[in-house]
Amino acid sequence: MATLAKPATPAAPAAPGVHPKRLWSLRPRSDREAGDAVVSNFLLHWFPAKVFKPSLDWTYSYWLGTISAALLLLLVVSGLPLLFLYVPSVERAYGSVKDIEWVVTFGSWIRSVHRLSAHLMVAAVFLHLVRVFLTGAYKNGAGRGQQREWNWVIGVAMLLLTLFLSFTGYLLPWDQLAYWAVTVGTNIAASIPWIGPQVRELMIGGRNIDQPTLIRFYALHVIFLPAALGALFAYHMWRVRKDGGLARADRVATAREKAADEPVRSKTYTLLGVARGTAPTIRTSTLEARDLTVNAVPDLVRRAAVAVLGTFAVISVLASLVRSPLEEPANPLVTPNPAKAPWYFLWLQEIVTDTTFTVGGFTVNGAFLGGVILPGLLVGLLAAWPWIDRSRGEAAGVWFHGSRRRQNLVFLLIVLVVVALTIVGTFMRGPSWQFFWPWQAWPELPTRI
Amino acid sequence: MSREQKNRRDFLVKLGIGAGGVGIGTQAAASLRSLLPNVSYDAPTTVKVGLPADFPDGMKFLPEQRLFVFREGKVFHAVSAVCTHLGCTVRAEALPQPETVEVGGAQLRVTHRFACPCHGSKYTGDGKVVSGPAPRPLLWFHLSVSPDDGQLVVDLAQEVGRDFRLTTA
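Chains A and B, in that order, are what the protein sequence lines are.
The letter at position 431 of the first sequence is residue 432 when you use the working numbering, and the numbering goes up by one with no holes.
The letter at position 28 of the second sequence is residue 36 when you use the working numbering, and the numbering goes up by one with no holes.
Under the rule of at most 27 Å between Cα atoms (straight-line distance), these lysine-lysine pairs were calculated in the DSSO-like manner: (1) A:Lys-341 with B:Lys-130; (2) B:Lys-136 with B:Lys-82; (3) B:Lys-136 with B:Lys-68; (4) B:Lys-136 with A:Lys-341; (5) B:Lys-130 with B:Lys-68; (6) B:Lys-82 with B:Lys-68.
Keep in mind the hints are simulated off the structure, nothing from the lab.
Just chain A, with the same shape it has in the complex (with noise of 0.2 Å):
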């Protein structure tokens, strides 16, 4: 009887893309089952084949946009047993999540990733946007077709809708703090001249904060919300591939190809196929440059590996090390002094505090001015700063570039003075708002009338 002889080592990939080994992908042992690892791997699909080893550097990017990306995962993750245990009713909302926190087996700690994971992804993204500010990683540089300027301001829609998300799920608890802290939010709204209050109404669903608000903070955290920022991820992802990679990836080909003796435009350097002629290029003598690329197979899976667990493993910590707070049921009969917004407001509850002014007899409402027009405002031009921005290309990817040290030194003002707002806001403010030092004592008050 004849046997099939079988190969003493695993078959070379009989086309690109298919390998008999499952999890070979994971260690390719040449440049060739690199690349087709990228294809054949879904969860690899969406990386290029060859990377800049610049781009890869830990104090370049700082990963930040990784971390987001891998606190949004947990923050999935961690939502789903949640929905299971949490029930969107004013009645029992409170006990829902009382029950999680002190009866569900583990309850608290998922709960506290969840919560964790929420505000350091604010954090996580607000840094990321500094990072790309500083590092002028909007700007276009060597490539051609790039569209950079527009996957900052789908980054910019992406922070708006993680703020979003972080203050919708902030009213589910349906506690002291999250009721007053959802009334000073919606009020911001209502404070807009004219259309205000019908703002507010579709906002809550009433003219009081009730289950109609609930319900509607619910379904905008659990489904609405998630869905529309993870449109946009998965664009935003889908635009730096077609932008090249990092900006910094650009100056490294830009520097090549000043110094290369007579550059060969050759190669239509396209990263998912072709691209229809508006596909970034890059001469051939930068991007065969062996030296400055590696395999995205393993480099690029290791550190982003490196960074996502590495996200995990520090919030699964910190979260069984801090629980979260859970106020006395909500109560709209008493407001808290002092009654604070999420601390990632503070910054602008501080601004509302000091804003209302008067000019001839009519008097602006600092809600208005604070909480609306110079928040829209930021937005506005950080948005458009792009097209603001008139640096040259070799400013891409570089952090302080000389030629945007003006504009980097007025937007690091900017935001120390956001985040110097938001501490005084944290640790500085007690009862009605008075200013304390943290080592000052508040003073004792009545809790009751």
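With the hints as your guide, set chain B onto chain A.
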């Protein structure tokens, strides 16, 4: 293809796109409109708050209505406890000595002042803003006596001037 045919094709293409746009737009508008409540289940704005005799001389806070009811003998008035800045409930602090001030052309004995816990707005006992971000004075609401059982009735939808007083029999 003749010119007429081409024009007709262009026209039909535009008509199709337009009809699609109108269809999607209408559906979007219908979905959004469904989120605007047609019926309010909020608490009614006209509320009976008890017999005048049950109110102490001075001030009584009604948490459900977020309202301060002041009494001086047979004279009543009601001041909202909702801060005009961002809607927190203000707190009343008793003055060490009641003061008499002239408010809206009438004398008023003021026994309290108000402070908002959220952003630190401060009001005098008749609702005027002393300091802080509040843009307007606290509202005064209409009080009346119910003809059927003699209870005080507050109308939270009817704002009145600061010279308003209800004198009971």
